[in-house]
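**Student:** Protein chains in written order, with this note's numbering: chain B, 7 to 299; chain R, 89 to 330; chain U, 5 to 367; chain F, 130 to 388; chain G, -5 to 288.
Think of the hints as simulated: they come from the structure by calculation, not from any bench. Where is the CB? At the ideal position from N, CA and C, for every residue including glycine. Please note that the accuracy of each hint is not assured.
Some chain G residues flagged as far from chain F (calculated, every beta-carbon gap over 10 Å) [as the list claims (entries may be wrong)]: (1) L133; (2) R144; (3) E232.
Taking lysine-lysine pairs in the PhoX-like style, the calculated list, with each CA pair at most 20 Å apart, reads [as the list claims (entries may be wrong)]: (4) G:K77 with B:K293; (5) U:K50 with U:K77; (6) B:K91 with R:K146; (7) U:K311 with U:K77; (8) B:K91 with B:K196; (9) R:K202 with R:K221; (10) B:K185 with R:K179; (11) U:K149 with U:K11; (12) G:K77 with F:K372; (13) U:K150 with U:K173; (14) B:K196 with R:K198; (15) B:K172 with R:K198; (16) R:K268 with F:K378; (17) U:K99 with U:K119; (18) U:K280 with U:K34; (19) R:K221 with B:K293; (20) R:K146 with B:K185.
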Amino acid sequence: METLLQQVINGFSLGSVYALIAVGYSLVYSILLFSNFAHGGFLVIGGYICYYTLAAVGNNIWVASLLAFLGAGVSAVLVERGAYKPIRERTNVTLYLLIASMGMSIVIENIFVVTVGGRFRALPPVIPMTPVSVFGLATTSAFDILSLVMAMIFLAGLQVFLSTTKWGLAIRAASYDLKTAGLMGVNVNKLISIVFFVAGLLAAVGGIFLSVRYTLYPQLGLITIKAFVAAVIGGLGSLPGAVVGSLILGLAEMLTAGFISSQMRDIVVFGMLVLTLLWRPTGLFGKHISEKV
Amino acid sequence: MLTKEPLLSVRNLHVSYGAIRAIRGIDLDVYDGEIVCVIGANGAGKSTLMNAIIGNVKREEGTLLLDGKPLAGRSYQAVAQGVSLAPEGRKVFAPLTVHENLMMGAFPIKERSKIGEDLDWVFTLFPRLKERKDQHAGTLSGGEQQMLSIGRALMSSPRLLLLDEPSLGLAPIIIRDIFKELKRINDEGVTILLVEQNARQALLLSHRGYVMQTGRMLMEGLAADLLKNPDVEAAYLGTAKK
Amino acid sequence: AAEDVIKIGHLAALTGDWAAYGQTEVNSAKLAVEEINAKGGVLGKKLQLVPYDFRTRPEDAVNAFRRMAENDKVVAVIGANGSGINIATAPLADKYKVPQIGTVSTNLLVTVDEKGVLHPYMFRICFTDPYQGQLIAAFSAQELKKMTAAVLWDVGSDYAQGLREFFMKYYDQYGGKVVADLGFRAGTDVDFRAQLTTIRDSKAEVLVLPNMGKEMALIMKQARELGMKDIIFVGGDGYGEFMWEIAGDAMEGSYWINHVAPEDPAMADFFKDYLKTYNDECKEFTNGVLAYDSIYWLADAITRAGKVDSTAIKDALENTVNVKLHHATMSIDPATHNPMNKTGVVLIAKDGRGQFFTKIQPE
Amino acid sequence: MADPILSLDNLNKHFGGVHAVKDFTFQMERSELAGLIGPNGAGKTTVFNLITGVYSPDSGSIKFKGEEISARKTYEVISRGVARTFQNLRLFPRSTALENVMTARQQHFKYNFFEAATHAGRWAGNEKKIKETSLELLDRVGLLPVAEQAAGTLPYGHQRRLEIARALALQPELLLLDEPAAGMNPEEVQDLNGLIRNIHEDFNLTTLVIEHHMEVIMEICPRIACMNFGEKIAEGDPDYIQKHHEILKAYLGEEVEEC
Amino acid sequence: MISGYIEGIIILICVNSIAAMGVSLLTGFTGIFTLGHAGYMAIGAYTAAILSVRHDVPWFAAVIAGGILAMVLAYLIGVPTLKLMGDYFAIASIGLGETIRLILENWQSFTRGARGFPGVTNFTTLPVAAAFFLGMLILMRFLINGNYGRAFKACRDDYIAASLLGFNTSHYRVLSLTISGFYCGIAGALLAGFLTYLQPVMFDMNKSTELTAVVVFGGLGSLSGSIIGTAVIGMVTEVFRPISQYRMLIYGATMVLIMVVRPEGIMGQYEIGPKLFRSIFSRKPRNEVDGAHG
Ligand SMILES: Nc1ncnc2c1ncn2[C@@H]1O[C@H](COP(=O)(O)OP(=O)(O)OP(=O)(O)O)[C@@H](O)[C@H]1O
Ligand SMILES: Nc1ncnc2c1ncn2[C@@H]1O[C@H](COP(=O)(O)OP(=O)(O)OP(=O)(O)O)[C@@H](O)[C@H]1O
Ligand SMILES: [Mg+2]
Ligand SMILES: [Mg+2]
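Isolated chain B, as found in the complex (with noise of 0.2 Å):
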């Protein structure tokens, strides 16, 4: 029972850290529909930048996560308009844009590399860590309930945002149709660059939490494969299904690490992954809206 409770608690916060990198994700699959390789990236340029301004300026988080959301926001915004906008704007074949972020994420992953070497590092606990008690059955760390409730944070903030603004109505009508969403008067670029900044900010926190918690180096970004599972399975695009598939991913894998064979994780993992969407072709919370012929 303890371990059972133990477990279920690793796995909300294994959960939650998938989360924060889900919803960028799924943010920007969101409005272009494609799976955008290069979030990862964005997330270790939040993190490396946190690294070190938190090194030049003392251990002091809130400079440092600023810069570092800025940071990693901006660069998500230089990489659309270098790297996607000018395939988009030829073309609607969103498999191109794939190809590219993977070159990007690539670049990204290399520009780590040769700069700053392949080494591992680890940000100083700057995010309280003190281990919490639960009724005295099990352990989880203040750093777990700030991280889920970060996503819970951005999630609401975000959904709140596609749903009641008219921004965010012209963002999912951008994500059918960027030419039409145009003609309706909207600045599609302006748009996509904000989706894309704000993409990148929930990335950079991603990452800080990740670095805090594991450690940072520059294939940290691999991880975000994890994350783009719990995407799909909670439905691709949908803000509420990257929190909920995240959630269920972690669970997931501590359960079945726990319980049934550590090797076999990701084997599970990914069955899971293929029944969800055996069951729900378009995940969890996918809208699937029959075309008309």
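Given the structure of chain B, go ahead and fit chains R, U, F and G with the ligands onto it with the hints provided.
**Tutor:** Using the frame of chain B, we list chains R, U, F and G with the ligands on its own:
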């Protein structure tokens, strides 16, 4: 009725798609308060002209003025200047509901009360849309989508309304209603530039008309004159009974 | 001109997941080359290092090896930091008759194939998986006298798989009992609390970690967070000083069975020079030291061969007896091309760094 | 009707709260040319979708050549001899006009996988025939000059005709045309009328046309059915339809009264 | 005589091209995007290795067996999963590819796990690789020219329209995946014979990504494009070998650059052949048409 300065003036417009030169030097004027229609065979470049005016395709060459000021080259800026287009092929936002589509049309409008009024107006114009307020636009019938597309263009309260084949796929009675309504909108001060295959009805509605052929302007004149022109009659009006 | 330099190839992962280790290796080997050249080189010729990346992929390494052997005409190759790579390049070393020294390639199959036939041109400077596995088992069972152990290892790593296998074998022989044997996958797994919770429940006294540094550090940190206060961590040569940054206090009291100790007086100059030259500490010091000494070993072999000829160098490497290097005195078993009787150094993590604890050498 | 090729019996289809097709009964005799009209949203396209298996009916039966096809998959229906065009164009935009037609034409010239992979056996002969007949069809709809142009770059009216050619290439027994004249000017509509008539005569094809252009329907369709709100409200010859009070009110408007 | 180094590069390009042809059929011609085809290469590689080393099966038979097993597996996986569309299939295919690798890692008694499978004979010499490459290329070109090719493209461009032209689209989707599985299986088996040693990491997601990447920037729907793409990427990594650290940076930048400069890929949908030359010399307009999302 005609003022001296045209509301929209197009001079020497050129547009190409790769090697295809879709528009090769076109001049066109639309005066404030007018309804002008452009007719021409398939592939003449009518849709390209509309898209070029609103900045949906890149203009290669040419000057476009709206009210004497340069017309912006990007669609969102053109919309802000008071131009709006109901594009060919409807182009409704399929995953959004009818209501959300109309709200997208009202994107440049700031005052909420104005949006509400316009919405009511569009709904009285197309009662079917009101019935289907919360249906996803992608599942509407062809004609319903056409109504939505026109309604959406009206929602931005444009000074210059561009319509690319508004009658496409509509039932005769609806076409008649829409043409009547266009007349009324026009009377209320909205200038209209119209592309139609339904040339006879369009000319009947319009003040002036242009005839396009393979990227060039073949003719222009008062609508009534064009209707009577034997060449136009033979080529574009058909021998439809009247 | 070209006659005056002796080219030595270096296969090192400079990109990808192992980039940190590979970069340190190249830096260290370069240091050795410069030192030797400053003292006049070998046989009156200067050494020149030709480092190639292999993207952590065997098929890339194979091309790199061919290029070194054919285009660059290297006389010998050191590296790579990964046994799998060496297994893939071993047939090429034999074919081109270019000797290769594995730096941290502990898999048995690097020097002999699975039928026991020796690859005449493959050597290694480190000890082997069975030997290191035995050292860990002996240390846990005999020195620490802890008879229940858990293993948590990277299923995707050949190194971890080998070490775990031999640890389990010898631990059993020494009378110990493995009460939990759990896996994970580096790369996408960074959270090990599920496995650790199971290990906590298994009441193991020792947690054996046959992995790379990042994962081991994360495991220790997360174990302490889960309140596993008493379990003793024992690991292998994946240890690196950078782990302190990640795991912090959780490192304290852990033991590491390694090739070398960072405070080894014989290595002090090297660490100092490294810091001076690269303005960075040599934190992946095992890789650094072994790459550094591989160059010295090679230089010695070339000198003994008396000519710059790959086959002669190979013979000289094979006949290495009591050659004094910095971290150890080398003798090579001609039958297996493994170093003989290399003592393991046990480090204890204390006061923020790895410190010499004891030497072990089971029979 | 003696031996109807197509027989729709009491079809019903709901979408959420919308009763798109309601107790719809309709039959077509072999080689008949009939029209289907009705206000926007009346359910005409849905009837086509039901026949071709894009949707399955909530209730009712669809018999084609005597066989019940309402539970069949789309491709199975098509392979039994039905072809259609689309209200919203559905060409393969990146392929050339010729390829578009050939893709449909090949359904009648099959060869097996082995022949395809080795170009042995029937491959060469069939490929040649596929191309020849496709070119003929393109010629027929007047698109031969643009045979090698990517379909997506053709003007709208040409794309509509290409769709007809592509549907014909299937050599169907029943052809369903969904607003073939949309986007055409009166002159072109006249050509289209001729085309539909010719096709109908030459291939002896059963044809059902949905149109809002009265000059198409009234001129070429001896029998016309009219729908409103999913129901069939009238059926008869053009004269009958043009005078039908309800149709005038709901669909044609007074304008037709004038003439 | 060419040097062994160049020979090695050519062999690898031949082998990778075979896999790329398979992915090209699936992604370029059928419009199904995959990120897991390294898994099928792994199946082919391990089958060929185990058969030839443990059971003394002649290498040629072992290679074919590798291809066939990968094909069968692709079929079994395809039937349920090809119901998924677009990115959903792509992300699921990551899972499938990784699962294959995981099984190889965990089934140590059979595959020796991460420590790798050594001792395969070096049967993939240049003539063997070249012969397979040519044979597989001809087979694929033949297949694509004609009914099957048009059917695949129809499914790619508009699967609703395709089914309304009488194509059983799910049949063609599965067929396409099955054939591509065969191609990747053969490629994997040849890789085993080239390297003589296998490790599961060789077939990780990076490998899958690379396969799809070369197909996309060769040009979707162009077989010769896929081969050119493979060669370009192979050359980029080799040419920049001396600046090892920057190599991957250049590799990634190349990927981005090709997409930005020529989003339709190096070859667009054109093939090297008489048609291309005719279209170059007659200067017929080549304009791009927007396809659907995805
Ligand atoms: N995206 C495109 N790419 C290439 N060529 C195009 C594109 N769009 C249009 N064209 C070409 O430009 C020319 C003009 O087309 P346009 O659509 O403007 O004609 P139109 O007068 O609107 O015809 P229709 O009456 O059929 O709508 C045609 O030759 C057409 O083939
Ligand atoms: N998939 C769907 N989901 C929800 N409603 C649908 C769907 N398909 C059609 N409808 C509704 O069913 C009704 C009938 O549509 P249908 O397309 O058959 O009309 P139609 O007679 O072809 O009209 P038009 O002449 O305008 O094309 C419409 O009101 C439409 O909104
Ligand atoms: Mg047009
Ligand atoms: Mg319809």
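**Student:** Does each hint hold? Answer for all of them.
**Tutor:** Here is how each hint holds up against the structure:
1. L133: Check fails; 5 Å does not lie beyond 10 Å.
2. R144: 4 Å, violated
3. E232: At roughly 33 Å from the nearest Cβ of chain F, E232 of chain G sits farther out than 10 Å, so the non-interface label holds.
4. G:K77 with B:K293: With Cα atoms ~16 Å apart, K77 of chain G and K293 of chain B stay inside 20 Å; holds.
5. U:K50 with U:K77: Holds - the C-alpha atoms of K77 of chain U and K50 of chain U are around 15 Å apart, at most 20 Å.
6. B:K91 with R:K146: Holds, because 16 Å separates the two Cα atoms, which is no more than 20 Å.
7. U:K311 with U:K77: Distance of about 15 Å is within 20 Å: holds.
8. B:K91 with B:K196: Cα-Cα ~11 Å, so holds.
9. R:K202 with R:K221: Measuring from Cα to Cα gives roughly 19 Å; hence the hint holds.
10. B:K185 with R:K179: 10 Å, holds
11. U:K149 with U:K11: Not satisfied, since the Cα-Cα distance of roughly 49 Å exceeds 20 Å.
12. G:K77 with F:K372: 50 Å, violated
13. U:K150 with U:K173: It holds: about 16 Å lies between the C-alpha atoms, which stays within 20 Å.
14. B:K196 with R:K198: The given pair, whose Cα atoms are some 18 Å apart, holds under the 20 Å limit.
15. B:K172 with R:K198: 10 Å, holds
16. R:K268 with F:K378: 17 Å, holds
17. U:K99 with U:K119: Status holds; Cα separation ~18 Å.
18. U:K280 with U:K34: 14 Å, holds
19. R:K221 with B:K293: Given that 20 Å is the threshold and the Cα spacing comes to 19 Å, the pair holds.
20. R:K146 with B:K185: Distance ~13 Å between K146 of chain R and K185 of chain B Cα, so the pair holds.
Violated hints, listed in ascending order, are 1, 2, 11, 12; each of the other numbered hints is respected by the structure.
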